[in-house]
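Colleague: Single-letter residue listing:
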Amino acid sequence: MVEFFTIGVLLRLTDTRKTIAVTGVGVVSPYGIGLERLQAGMLSGTCCLKRTKDDVYPGFEGTTARVQGLALPGEDSGFRYSRTDQLAIMAAHDAMASSGGDISTFRESGILMASTLGGLTEIDAGIAKDPAAWYRRPGGLARAASYPFAHVADAVGEHFGIRGPRCAISVACASGAVAIALAGNMLIEGMAPITLAGGSDPLCPFTLSGFNSLQALDPEPCSPFDQNRKGLNLGEGSAVLVLETLAGARARNAKVLAVLRGWAMNNDAFHSTAPQTDGSGLADCIRLSMEMAGVSGDDIGYVNAHGTGTPLNDIAEANAYETAFRGRNQPIPVSSTKSYFGHCLGAAGALEAAITIMAMRSRTLLPTLRLTTPIESSGVEWLRGQLKRQSLPLAMSASSGFGGSNTALIFGSGLS
Amino acid sequence: MTPNSPTVAVIGIGSVSQYGPLAGLIPDTPLEPTAITAWASDGLRRAFLVPPFRPASVVPGLKTRRLDRLSVWALVATSLALKDAGIDITQVDRSRIAVVFATAFGCVELTEAFYLSAAANGWNGTDPITFPETLPSAPASHVSMFHGFRGPNITVSNKYFAGESAMMQATWLLRQGQADLAVVLAGDALARSMYSWYEEAGLLSPACYDSHSPTQTDGFIPGEGVAALVMELSPRAEARAHARSYGRVISGRWAAGGQPAEIIRQMLDGCVPSLTICGGNGAPCATSVTAALAREIAGDRAVLLPRTFAQGLAGTGALFHLILGLGDVARRQLGIWPTGGRALLLGTARNNGFAALLLELP
Numbered sequence: 125m126v127e128f129f130t131i132g133v134l135l136r137l138t139d140t141r142k143t144i145a146v147t148g149v150g151v152v153s154p155y156g157i158g159l160e161r162l163q164a165g166m167l168s169g170t171c172c173l174k175r176t177k178d179d180v181y182p183g184f185e186g187t188t189a190r191v192q193g194l195a196l197p198g199e200d201s202g203f204r205y206s207r208t209d210q211l212a213i214m215a216a217h218d219a220m221a222s223s224g225g226d227i228s229t230f231r232e233s234g235i236l237m238a239s240t241l242g243g244l245t246e247i248d249a250g251i252a253k254d255p256a257a258w259y260r261r262p263g264g265l266a267r268a269a270s271y272p273f274a275h276v277a278d279a280v281g282e283h284f285g286i287r288g289p290r291c292a293i294s295v296a297c298a299s300g301a302v303a304i305a306l307a308g309n310m311l312i313e314g315m316a317p318i319t320l321a322g323g324s325d326p327l328c329p330f331t332l333s334g335f336n337s338l339q340a341l342d343p344e345p346c347s348p349f350d351q352n353r354k355g356l357n358l359g360e361g362s363a364v365l366v367l368e369t370l371a372g373a374r375a376r377n378a379k380v381l382a383v384l385r386g387w388a389m390n391n392d393a394f395h396s397t398a399p400q401t402d403g404s405g406l407a408d409c410i411r412l413s414m415e416m417a418g419v420s421g422d423d424i425g426y427v428n429a430h431g432t433g434t435p436l437n438d439i440a441e442a443n444a445y446e447t448a449f450r451g452r453n454q455p456i457p458v459s460s461t462k463s464y465f466g467h468c469l470g471a472a473g474a475l476e477a478a479i480t481i482m483a484m485r486s487r488t489l490l491p492t493l494r495l496t497t498p499i500e501s502s503g504v505e506w507l508r509g510q511l512k513r514q515s516l517p518l519a520m521s522a523s524s525g526f527g528g529s530n531t532a533l534i535f536g537s538g539l540s
Numbered sequence: 523m524t525p526n527s528p529t530v531a532v533i534g535i536g537s538v539s540q541y542g543p544l545a546g547l548i549p550d551t552p553l554e555p556t557a558i559t560a561w562a563s564d565g566l567r568r569a570f571l572v573p574p575f576r577p578a579s580v581v582p583g584l585k586t587r588r589l590d591r592l593s594v595w596a597l598v599a600t601s602l603a604l605k606d607a608g609i610d611i612t613q614v615d616r617s618r619i620a621v622v623f624a625t626a627f628g629c630v631e632l633t634e635a636f637y638l639s640a641a642a643n644g645w646n647g648t649d650p651i652t653f654p655e656t657l658p659s660a661p662a663s664h665v666s667m668f669h670g671f672r673g674p675n676i677t678v679s680n681k682y683f684a685g686e687s688a689m690m691q692a693t694w695l696l697r698q699g700q701a702d703l704a705v706v707l708a709g710d711a712l713a714r715s716m717y718s719w720y721e722e723a724g725l726l727s728p729a730c731y732d733s734h735s736p737t738q739t740d741g742f743i744p745g746e747g748v749a750a751l752v753m754e755l756s757p758r759a760e761a762r763a764h765a766r767s768y769g770r771v772i773s774g775r776w777a778a779g780g781q782p783a784e785i786i787r788q789m790l791d792g793c794v795p796s797l798t799i800c801g802g803n804g805a806p807c808a809t810s811v812t813a814a815l816a817r818e819i820a821g822d823r824a825v826l827l828p829r830t831f832a833q834g835l836a837g838t839g840a841l842f843h844l845i846l847g848l849g850d851v852a853r854r855q856l857g858i859w860p861t862g863g864r865a866l867l868l869g870t871a872r873n874n875g876f877a878a879l880l881l882e883l884p
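Top line first, the protein sequences correspond to chains A and B.
Numbering-wise, our numbering comes out as the position in the first sequence, counting from 1, plus 124.
Numbering-wise, our numbering comes out as the position in the second sequence, counting from 1, plus 522.
Don't read these hints as lab results, they were simulated from the structure.
Just so you know, not all the hints are guaranteed correct.
To be verified - Over 10 Å on every C-beta distance to chain A, these chain B residues come out as not near it, computed from the model:
#1 E554
#2 P574
#3 R576
#4 A626
#5 T633
#6 L638
#7 G647
#8 S735
#9 A763
#10 H764
#11 N873
#12 E882
Stated by the list, open to error - Rough simulated footprint, nothing fancy, chain B against chain A, three-plus residues with beta-carbon under 8 Å:
#13 182-190
#14 266-274
#15 306-312
#16 323-336
#17 448-460
#18 522-534
All C-beta atoms in this analysis are idealised placements derived from N, C-alpha and C, irrespective of residue type, glycine included.
Please build the complete structure, drawing on both the sequences and the hints.
Modeller: Right, here's the structure in full:
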């Protein structure tokens, strides 16, 4: 059985039509537009989290990270764009630009865009109190039309005239990573020559208030994996990866930034908001992704963790890494980059996939900021303090979310 | 997704709709929209509404307090579909069961409730219990939690083809070995803000306001409900004793533009479907575009036009269109396609968007 499985993995990894290449990465983050700005900001250790008062909604006092200044590229397609849409469009533009080729290269591309919020930024409580009156306000109908989360995929597609299969994904905070995993499935099935996959979510009173009501927010900049962690901070942003088969990428001479070697999705089936304390759901997910990639725990050089900074998430995640990487020769290096610009919800998994690729390409392991007294774990090397320079042939991005969803993505720098 | 890939069988059906909670096919009894009483309005307002029922009477032990109706229906429809499929979930590896849920609007009722709590108490006084239940993925999560399904759990949306998209995503998960069984769900619950939007946009059929007005092809009559399919790779399904198959998904394509007829013919690879089941959202222009494309592909073969009640579910109605079409197949009402023929589930969108799934009928 094991031999049969190994042969299956080898066949997939040597079939360039079933090997998924990342040929473009687009990012809109609190550092600005583009992976270069993100990289410059993170490698310099700059934290974008800021104490704010009355910023997102009157009465809110806490810490968030904002994207400053949004100017849409290209022509207005006639759609009304929510902030979620705008972030996604700019990230998609950046991703396509980084992938080479003009817009005709992407005309038949698939689009898998994730969001938890959709157009919630465009509406307010008035819509629930008296919807008819709210819609009669100037622009009311159009604003509400951007509410369904499918709109974010349509906005990207319509803005750039892309007519391949498109679909929106919403799997809580794992959404962006799930979109990338599903893009892998879509490409293997031959449904599109190229797929733009990622996530987008803005800061919004609805979510900030929700997490505040759950008492999940740290009023100060968060400290993921610290024993004294107090909760998460919300940020905003979007990231989009250009994914295509290796055969397709070679045919158009696209530069291969990384290879999506393995991916897995599963569910804890445990609780609406809490992960299993032993982290067994995420551990299983990691194991499945390594099986798909045909690698062992020793092969993974770095894990970009979900690492929200909430007491329950971080202990469950630490336990998951202990279990999934048990038997490794060395503790697994892990960090949470949410300590730089907060938790971007449906965009987080895609942003962290982009950061993982950035780490591989720059041969740099990013530390978790403000990690002074890490959770005790013999199987994990908590990255903190200084940057660590190291070659990274394989790295993982792990994501989890409300409702128990887990996703693990394994990126490789090549096919070795 | 090509004709040479392994096929995926639909082995169970469940639904919660205006017909109530049902396992298996939906009876061929046309229903009229019913009067909305959930919110006050000046004059008659009608829609295809799910009648009240006690979830625990359908699924023993099911607790639904504080859940959005959409989550409740997803739980009930899943249980009914599993029952219809004859699957005893205690006897299967639940880490290998995927849930793929399609919704256009998500949990709108609790989103409205959350907004109202913000209006009443300020943003710093919102309800922590309601918040996580407002996520579009909450219904799929509840299905996994209640049944212990630990495989992939995905929520998708597409303005016109959410149901078809979910079926295709599930098919890929099964074919790529990421799950052994998939529960595919599609649906929405009608909320006041949604109904008002259709009304203010001038999209509603006169039948929404007048019980004497005919309900055919004259505009949109909003609806609600959830349909569920249990899907499994055909060889696995056939290996089980007493396994049923309503149909096998052979191939599928969808796109937001291009040349639909050409792409679908390419997918059909020379086959002409003996039956084309049209989806549609009730807008007369959309229905006529779908029907015209169906005729172009099917020629003189049978074409089933969208059913009014399923149209009311807009992008998530495809599963209901399919279930109703399969009901017709079972009843052999049309009597013009041979046993073992192929059916095309077809939906269209503006700018030549389309979704097409080819199924082999039993």
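Colleague: Please go over all the hints and tell whether each is borne out by the structure.
Modeller: Hint check:
Here E554(B) stays apart from chain A, with its beta-carbon at least about 25 Å from theirs, past the 10 Å limit. Interface exclusion of P574(B) from chain A stands, the closest Cβ pair being 22 Å apart, more than 10 Å. No beta-carbon of chain A is positioned within 10 Å of the beta-carbon of R576(B); the least distance is around 22 Å. Distance check on A626(B): its Cβ comes as close as 6 Å (rounded) to a Cβ of chain A, failing to clear the 10 Å threshold; non-interface status is violated.
With a closest Cβ-Cβ approach of about 8 Å to chain A, T633(B) is found to fall inside the 10 Å limit, against its non-interface label. At roughly 5 Å from the closest C-beta of chain A, the C-beta of L638(B) falls inside 10 Å, breaking its exclusion from the interface. The beta carbon of G647(B) is not kept farther than 10 Å from every beta carbon of chain A, the shortest such distance being approximately 8 Å. No beta-carbon of chain A comes within 10 Å of the beta-carbon of S735(B); the shortest separation is about 21 Å.
No beta-carbon of chain A is positioned within 10 Å of the beta-carbon of A763(B); the least distance is around 24 Å. Under the 10 Å C-beta cut-off, the non-interface status given to H764(B) relative to chain A holds; the minimum distance is some 27 Å. Distance check on N873(B): its Cβ comes as close as 8 Å (rounded) to a Cβ of chain A, failing to clear the 10 Å threshold; non-interface status is violated. In this structure E882(B) is separated from chain A by more than 10 Å, as the shortest Cβ-Cβ distance comes to about 18 Å.
By the rule of at least three residues with a Cβ nearer than 8 Å to a Cβ of chain B, the coverage given for the region 182-190 of chain A holds, with 3 such residues. Evaluation of the coverage hint for the region 266-274 of chain A: fulfilled, as 6 residues show C-beta separations to chain B shorter than 8 Å, against a requirement of three. Counting residues of the region 306-312 of chain A whose CB lies closer than 8 Å to any CB of chain B gives 4, so the stated coverage by that chain holds, three being the minimum. Under a criterion of three residues with beta carbons nearer than 8 Å to beta carbons of chain B, the stated coverage of the region 323-336 of chain A is upheld, 7 such residues being counted.
Counting residues of the region 448-460 of chain A whose beta-carbon sits less than 8 Å from any beta-carbon of chain B gives 0, not enough to reach three: the coverage restraint is violated. Coverage of a stretch by a chain is defined here by at least three residues with a beta carbon nearer than 8 Å to that chain's beta carbons; for the region 522-534 of chain A and chain B the count is 5, and the condition holds.
Taken one by one, the earlier hints fail for this structure at numbers 4, 5, 6, 7, 11 and 17, listed in ascending order.
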